[in-house]
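Q: Model the full assembly from the supplied sequences, consistent with the hints where possible.
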Amino acid sequence: MFEGWPPPVLDPAGPYASSVTLLSWILFAMGAGVLLVVLAALWIALFGRRALQEKLGGKKVIWIGGLAFPLIVLTALLVYGLSLTRHLSDDIAGDEMRVRITGEMWWWRVAYLDEAGNAVIQDANELHIPAGQPVVLELESGDVIHSFWVPRLSGKLDMIPGRRNLMRIQADAPGVFGGQCAEFCGGPHALMGFTVIAHTPARFAQVMQARLRREATPQVAGGEGARLFDTAGCSACHRIAGTGANGLAGPDLTYMGARRTIGAGIMPNNRGTLMGWIANSQAIKPNNRMPPYRVLSSEELTTLATYLEAQK
Amino acid sequence: MKLTAGRNAGFQCLVLSLALAACKPPPEDRQSMPLGDPAKGFAAIERVGCGSCHTIPGLRWPKGTVGPALNGMAERALIAGKLPNRPDVLAAYIRNAPALVPGSAMPAMPVSEVEARDIATYLYEKGAE
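Protein sequence lines correspond, in order, to chains A and B.
Mapping of the first sequence onto this note's numbering: residues 471 to 782, in sequence order.
Mapping of the second sequence onto this note's numbering: residues 997 to 1125, in sequence order.
Be aware that a few hints might be false.
[Stated by the list, open to error] Heads up, incomplete: computed chain A residues facing chain B, CB under 7 Å, no partners named:
#	residue
1	N740
2	R741
3	T743
4	G746
5	N750
These are computed hints drawn from the structure, not numbers from a lab.
Every residue, glycine too, gets a C-beta built ideally from N, C-alpha and C.
A: See the structure below:
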């Protein structure tokens, strides 16, 4: 659909993803090797010479192929696999940047945290990170079990109600990386995407500073768009920082105009898709929790989309 | 008239032949746009998300219901119920609907002129199925 989504799963772009990908390739290769040996044994059993068949049926084969081989190979693989991925669970030093990501049906709540753990910037479905350094994610769930997975930047980790799981991600270079909920969470689970944007550290600092200012600035009445956002009922579920819109049931729209995607990482963000989403998101993402707004005229849809495009 | 190479020249020829065709009825009863690239058109349809509002033949997801389904485009007489269904008009409408039909719910789309023609080509070819 657009850059980064659906995400490629064997194309790592950072240290945490590359160890997982390497282990995957080793497992694929070994699986293929074992399959070949089994097929060869099957061929001998069916069509092989009598002498070979008798050897294959002997006790030695069972001792070696059935016991020694898996015991040695699987033990070696376990040790190697654990050593390869042990840095995934290194202790968190505490000075890394932290972001809390909460899985919701069917989108992602994003909160950038300060040193004290307070949410200072709220966003949804999109995460900005600096390239070249690890970022710690606090993964939580607002309802059922979800799983956070940005294949090019990390392994997957479940988001479990009542629990906080920590995970590091890192991108080696600036870029856009798609993610996907990796644990079936009902309804449009397959359309619960995510976008990570890695910036150069300088650019990242600019983005964050601008957003900190934006969160602190009350918005002067936004005209017709703001009025419509309120009267159509959008503000019951959506928040826009500095306005009366304070709903927390749906994604935060403070930076909607700057987001690359709509519908939780699944469609490109432009005037047309915004209007289509507001008018009837159910046709795009069936059973998501936003009702179709068939009461709005084309002018009202345009006004709302224009208002949202200006939120950044 | 100095013709520039490739597509552009072709497009001018097309416009010219359309103009000539208009002089001697009956016109062709089917629309087509032979110079566009339907594959690139489909890629552009996916990239900008036309499916958010329209159900488009050949596009599995999404199947939007905000605007009309775009099947049978080659057979339709009018675009948006107002404009003649001509290749040049369709391409222009795809790119900037409000300029042609003020008040249209379809917004201007972020596609280039070439992409708009490719999309029109795709709709004329695929829409016939």
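Q: Does each hint hold? Answer for all of them.
A: Now for the hints, and whether the structure bears them out:
{"no.": "1", "hint": "N740", "verdict": "holds (6 Å)"}
{"no.": "2", "hint": "R741", "verdict": "holds (4 Å)"}
{"no.": "3", "hint": "T743", "verdict": "holds (4 Å)"}
{"no.": "4", "hint": "G746", "verdict": "holds (3 Å)"}
{"no.": "5", "hint": "N750", "verdict": "holds (5 Å)"}
Hint compliance for this structure: no hint is broken.
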